[in-house]
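Peer 1: Please work from the sequences and hints to get the whole structure.
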Amino acid sequence: MQCSDEACHWHDRVMTKVKSRRRQEEIATCGECGSEATRVECSARWTFTVYAGGSRARFVHEGIHTHSRHREQHLTKEEEERLADRVELHPNAAPLAHIAGIPTLSGSLPSVGTIAPILLNPDRLRYHTNSIKRRAPTKDPTSGQHFLADMKEFDQQHPGLLVSTKIGAATVFCMQSAFMRELSLRDKRLPGPLNAHVTDACHGYWRVKNDVLIISSAYSERLRCWVPIVLSYSDGQTSDHYAAHFEAYFDGLAAQAEADSVLVTDDLFRNTVDFSQAQRRGFIIAFVRFWQKRNSERSVEELEEAAVSLLRGCGEHFRSSVTRVTHSAKLFPLASTGYTAEAFTKLALSLLNNIPRDEYEQRVTNLRRQYPSLAPWLEWWTRPTVAPMIFPAMKSMDDKDWDAMPATSNAEESQHNVIKTLVGKNHQLLDGLKGMAKIASFYENKMAYKSGGKIRHGRPEPWKVRKLIMGHTKKTRTKRTQNSRASARKRISKRDYRPPDTLRDLLPKRKVNQNRSDQPNPDSDYEPHPTRRRKLPPSTAKTTSRQQSRARPQPAKKVPTCHSPGLLCNLYWVKTSVGWYSKMLRRHIFSHNTLRQFLPVHLNLRTQSRS
1 MQCSDEACHW HDRVMTKVKS RRRQEEIATC GECGSEATRV ECSARWTFTV YAGGSRARFV
61 HEGIHTHSRH REQHLTKEEE ERLADRVELH PNAAPLAHIA GIPTLSGSLP SVGTIAPILL
121 NPDRLRYHTN SIKRRAPTKD PTSGQHFLAD MKEFDQQHPG LLVSTKIGAA TVFCMQSAFM
181 RELSLRDKRL PGPLNAHVTD ACHGYWRVKN DVLIISSAYS ERLRCWVPIV LSYSDGQTSD
241 HYAAHFEAYF DGLAAQAEAD SVLVTDDLFR NTVDFSQAQR RGFIIAFVRF WQKRNSERSV
301 EELEEAAVSL LRGCGEHFRS SVTRVTHSAK LFPLASTGYT AEAFTKLALS LLNNIPRDEY
361 EQRVTNLRRQ YPSLAPWLEW WTRPTVAPMI FPAMKSMDDK DWDAMPATSN AEESQHNVIK
421 TLVGKNHQLL DGLKGMAKIA SFYENKMAYK SGGKIRHGRP EPWKVRKLIM GHTKKTRTKR
481 TQNSRASARK RISKRDYRPP DTLRDLLPKR KVNQNRSDQP NPDSDYEPHP TRRRKLPPST
541 AKTTSRQQSR ARPQPAKKVP TCHSPGLLCN LYWVKTSVGW YSKMLRRHIF SHNTLRQFLP
601 VHLNLRTQSR S
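Letter by letter, the sequence shown follows residues 1 to 611 of the UniProt record's numbering.
Calculated directly from the structure, the hints in this document are not laboratory data. Hints may be right or wrong, so weigh each one.
[Stated by the list, open to error] Calculated cross-link-like contacts (lysine-lysine; reagent style BS3-like; alpha-carbon spacing at most 27 Å):
#1 Lys400 with Lys420
#2 Lys166 with Lys446
#3 Lys166 with Lys434
[As the list claims (entries may be wrong)] The following label-pair restraints were derived from C-beta to C-beta distances:
#4 Leu190 with Leu349: 40 to 46 Å
#5 Glu316 with His146: 39 to 45 Å
#6 Gly54 with Pro122: 50 to 56 Å
#7 Val40 with Asn121: 33 to 39 Å
#8 Ser68 with Val418: 27 to 33 Å
#9 Ser35 with Tyr127: 38 to 44 Å
#10 Tyr127 with Asn426: 19 to 25 Å
#11 Ala329 with Pro122: 43 to 49 Å
#12 Ser35 with Arg126: 29 to 35 Å
Just so it is clear, CB atoms sit at the ideal spot from N, CA and C, and this is done for glycine as well.
Peer 2: Shown next, in the form of structure tokens:
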């Protein structure tokens with residue numbers, strides 16, 4: 001098949017099957033310019049014969065081709081090997097990057113179009129690269145019958161690293177090496193807020209969206225950094241997932257304490273966490289199980305109360321939440337009377353000061369009275385399960401222990417970027433487990449090299465100096481509006497890690513989407529007032545009369561009829577529909593000039609109907 005236009009060089013193969021060839025001849029259209037395509041006879045013939053059974057075939061080619069060669073449809077074996085070598089070196093490169101040429105230190109690699117012209121098609125190139133990745137030995141056998149064999153091989157390569165394995169509704173794999181276990185326990189109290197562990201979940205490490213990497217870290221005085229002491233793969237973030245992680249955390253600490261002849265007490269398990277109720281509940285469950293296995297004489301209620309007294313919340317989460325609610329002026333309707341966003345920020349942040357409880361309660365009352373629109377936000381932060389973790393006036397531990405714990409979870413959150421830089425992100429299960437093993441060995445090798453050489457140049461922990469000078473450790477970021485934040489992320493129906501701090505959460509609404517999922521979170525103890533978000537504003541005389549007029553049946557209005565039933569006498573309809581008519585019906589019913597004649601006719605009818 002060849003294009004009839006001499007300026008177009010398009011040509012295509014003739015289909016071999018009868019039905020396909022007939023359809024090709026019926027269409028007979030150039031694939032490039034849309035001109036008519038003609039069939040050009042070629043004297044060359046080839047015959048492909050398959051013998052009975054399908055085990056033998058014969059290909060015979062006769063004659064000489066008088067036309068140019070058709071474009072290639074498949075890669076040769078050599079071309080596939082060259083492309084596989086390229087993908088092996090750059091597995092995360094996009095198809096367009098392969099086509100343009102991946103940049104290197106000495107320039108850039110040649111385009112994959114030099115391997116085969118068909119690879120200049122991004123869709124075709126994506127198909128081949130995905131096929132190569134699926135055939136790779138480290139990508140596919142992570143499920144099915146290969147899973148157990150892979151896990152067995154992994155355990156043989158890293159003996160003793162997997163300390164806990166739980167498979168079921170909550171699947172969790174916990175890792176802790178002997179080196180990590182030694183760092184989890186220190187023999188003295190360090191100066192500053194470094195005498196507790198920090199736990200947080202890392203998102204984006206696994207390819208599956210709901211999977212997270214739960215990390216508990218301890219501060220190493222020799223390395224001058226926070227080091228992971230427990231790494232856990234988790235296929236969710238429920239209390240059962242966190243309980244499995246914290247059980248491995250408690251068992252490792254207790255084993256190291258017994259090895260060092262240290263008495264196992266509650267003070268060993270102090271943690272700084274965020275405000276996820278699933279994480280808090282998982283810590284309590286694991287704490288109760290740990291002491292029940294040791295035949296503790298305390299009751300379950302006493303153990304739960306003791307577990308709560310070991311947790312401190314992240315103060316940065318509270319500051320960020322205060323900043324977030326001040327982005328909207330609608331939440332501060334009384335700003336003209338002095339109750340501005342700046343005054344709210346000052347009063348809200350004062351709750352983080354070490355003040356008496358009666359003064360704390362008075363400030364909470366003032367916040368509730370001066371800013372009624374923020375009542376749900378304030379209720380979330382002051383509830384009994386959250387306030388003791390964040391506000392010093394409500395804490396259930398000694399001042400010395402409170403000051404010795406990290407005030408934020410930023411130390412652990414900064415580890416997430418370090419880990420992704422070390423071993424990458426978006427891992428499948430087996431690759432991610434191998435990456436976790438690399439993380440464990442990285443800090444161990446760093447400690448081994450510390451004894452004989454430098455592990456850094458310059459002053460360690462320079463951000464502490466910046467904080468003393470500037471008051472913060474990072475450059476100030478440009479503030480984003482509340483609308484941009486809402487459009488940049490999807491709405492989560494029920495979240496337990498953040499208070500209601502958006503306009504959608506705080507301001508009342510007239511209509512409620514009944515299709516939204518409002519299933520309560522089983523791990524959260526916070527339930528907003530059932531009528532807070534569905535409460536309508538007080539009705540006025542105007543709204544009452546409007547509602548009554550809607551309920552009262554209205555008399556039918558007489559619609560003026562047109563003399564010509566085939567034409568509509570609605571001028572608005574004509575103006576808005578003429579464009580649609582000109583595009584969709586021009587070739588079938590009306591011509592463009594006929595449509596232009598409709599407007600004067602309708603204008604005349606409109607004038608007659610008004611008169």
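Peer 1: Please flag the earlier hints that this structure goes against, numbers listed from lowest up.
Peer 2: Those not satisfied are hints 1, 2, 4, 6, 7, 8, 9.
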